[in-house]
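K.L.:
Here are the chains, one letter per residue:
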Amino acid sequence: MIGADDMVIRIRGLESRFGPHRVHEGLDLDMRRGEVLGVVGGSGTGKSVLLRSIVGLRRPDAGRIAVFGEEMTGIDEDRRAALAARWGVMFQDGALFSSLTLRENVEVPLRGVAGLDPDTRRALAELKIAMVGLPLDAAETYPAELSGGMRKRAGLARALALDPEIVFLDEPTAGLDPIGAAAFDRLMRDLVQALGLSVFLVTHDLDTLYALCDRVAVLAERRVLATGTLDDMLAVEHPWVRDYFHGPRGRAARRSGPAAPQGR
Amino acid sequence: MSIKIGTTAGRPEIEISGSLGLPELEQARRRFAQIPFAPHATLDLSALQRLDSAGAWLLLTEQARLRQEGTDLIIASVPPHALPLVEVVRANLARAEPATRPPLTVAALLDRLGRKVAGGAAFLRDLLGYLGIFTARLLGALRRPRGFHLTSLVHHCEEVGLRAVPIVALMAFLIGVVLAFQGATQLRPFGAEIFVVELIAISILRELGILLTAIIVAGRTASAFTAAIGSMKMREEIDAMQTLRIDPANALILPRILALVITLPILGLVADLSGLLGGALMSWAELGISPAMFRTRLIEGVEPIHVVVGLVKAPVFALIIGIVGCRSGMQVGNSAESLGRMTSSAVVTAIFAVIVTDALFSILFAQVGL
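These protein sequence lines map, in sequence, to chains L and R.
According to my numbering, the first sequence is numbered sequentially starting from 1.
According to my numbering, the second sequence is numbered sequentially starting from 1.
One chain only, chain L, in its complex shape (with noise of 0.2 angstroms):
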């Protein structure tokens, strides 16, 4: 049995109305500290806005959200930004300021942080642009010289400087080549494993749900279809999620992929 504290998001009947249109209808979502999380669906069935909706980028039309324990909605703005630092978040194409170089838009997060000194912050920028893996020289280019998975993986640092409890990150792999998002599966795995992380992980990629998730939850029918691990998955008797899992692309993820993680 987990208790409530292991829990460290919590959604309960969650609705997102855009006009007319329902994207959420009663959604139910529940996350363990520690696990990485794959949340997987068809375009539309409103990942995003499920991940934006919990980093309170939006605010849900109906029901509750609560992470760390503590209820979202109608918090006061303090203790919200107290809850912000105790996350990061990684948008698609990294979200990078384009007038701040590499390192400025890793020290953004950092400049909150009272009495830290210059030299200490751009030290500790350079130390998490070294670990997402890139070189030291990118450190001082600007973010329209890098390309995709460098920029992909600036925002990462961004969204570690302040050593996070959860990452949240969308659509990590889209964009980049095979190798590259391999690299990338490698890396998330490496700095889940030695920060801790918790990972809120959406994603189309099928390679890195078998690379990297713990568990995994479907969005269909505005809300959430199925949790479980891969292998439950597989058991699933719904339309779309036996073709996603066992269709062509899911068969070969299955095969190539390293069994998930067990037991952290």
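Hints were generated in silico from the structure; no laboratory data involved.
As the structure is a prediction and not an experimental result, all values here were calculated from the model.
Fair warning: there could be bad hints in the mix.
Said to hold, decoys possible - Calculated pairs, DMTMM-like style, for lysine to aspartate or glutamate (alpha carbon to alpha carbon, straight line, at most 25 angstroms):
id : chain 1 : residue 1 : chain 2 : residue 2
1  : R       : K116      : L       : E145
2  : R       : K4        : R       : E26
3  : R       : K116      : L       : E140
4  : R       : K4        : R       : D111
5  : R       : K4        : R       : E15
6  : R       : K116      : R       : D126
To be verified - Which bits of chain R does chain L cover? Going by a derived footprint, with three or more residues having C-beta under 8 angstroms, they are:
id : segment
7  : 31-41
8  : 78-90
9  : 151-163
Stated by the list, open to error - Sample of chain R residues at the chain L side, in silico, Cβ under 10 angstroms:
id : residue
10 : S335
11 : A336
12 : E337
C-beta atoms are modelled at their ideal positions from N, C-alpha and C, and glycine is treated no differently.
For this one, chain L is given, so just place chain R on it according to the hints.
P.N.:
Relative to the frame of chain L, chain R by itself:
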């Protein structure tokens, strides 16, 4: 967090307990500075409950600092939960060496200046190139009218001409009002109020009407051209056109610039009329010059050549605005940032070029005595 510094057998022993992370960083650093000098020291981490990467960084950099000062600090009993983190930070710390920036020398400054000058020359040549493209496509369209995008031309005439009429008319009207008001206060002490008609008419017809219209159109239209063409460039639409054997210059540049060349003189005329109207109204209200008297003075005292001198500049201004706008659009790279930069630079360049050209026209007309 607490850091205890003790000594056993002349050997400092440091014990850290609790949490060591970003918030405790400065406090921990101050405490480390208090470690007494000794050839060997031990750091005991067995009571450490939480360590983040900033904390691990501090431990390792302090260890390196102490080693340089001659103290060998041994980090002992790292708790198992922190071990992978310490290893990752140690592995990446080795690579983190400060990047050095090349110093700024006179040669580098000269190099930069030279590149700026060469860039300016290349820019002018580029503009000339676009003028050439426009002329070639215009002649091509005259020879083969079937390939000409007439719908596009009409659309752009509406966009840059018709839709600009309200703002241009209002602007010119207000300029007329201001000129009449200023003229009245300056001329009244001399009893020369009646000359306000010539003041308004000559300054608006010769200079202000068309110049200010061109500046407004440069702000409105050069930016619109750059934004439209630039966003197409960004989404590779221009490349797609080329693979489909549609000439971007014919489809995008020719109708836009031609629309400006057609409508800017008309807008200039609108500005002239509206400016005179504003001036006449203000003269009536402020100086008691009736509209009929204004009209008589205007027809008798102001040569029609002033209108020609004003409007003859319009097509040239139109070419400049159009070429600058289209060229900036084609220069947009594949980032949204470059789109923004090129859009604002198009407006600044177009306005600057219009004013410079106006000055050149003034010199020309003075030389030929118009």
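K.L.:
None of the hints should be skipped; say for each whether it holds.
P.N.:
Hints versus structure:
1. R:K116 with L:E145: This hinted pair holds, its Cα atoms lying about 21 angstroms apart.
2. R:K4 with R:E26: holds (16 angstroms)
3. R:K116 with L:E140: holds (23 angstroms)
4. R:K4 with R:D111: violated (57 angstroms)
5. R:K4 with R:E15: The given pair, whose Cα atoms are some 5 angstroms apart, holds under the 25 angstroms limit.
6. R:K116 with R:D126: holds (15 angstroms)
7. 31-41: violated (count 0)
8. 78-90: Three-residue rule met by the segment 78-90 of chain R, so holds; n is 6.
9. 151-163: violated (count 0)
10. S335: holds (5 angstroms)
11. A336: holds (8 angstroms)
12. E337: holds (5 angstroms)
When each numbered hint is compared with the structure, violations occur for hints 4, 7, 9.
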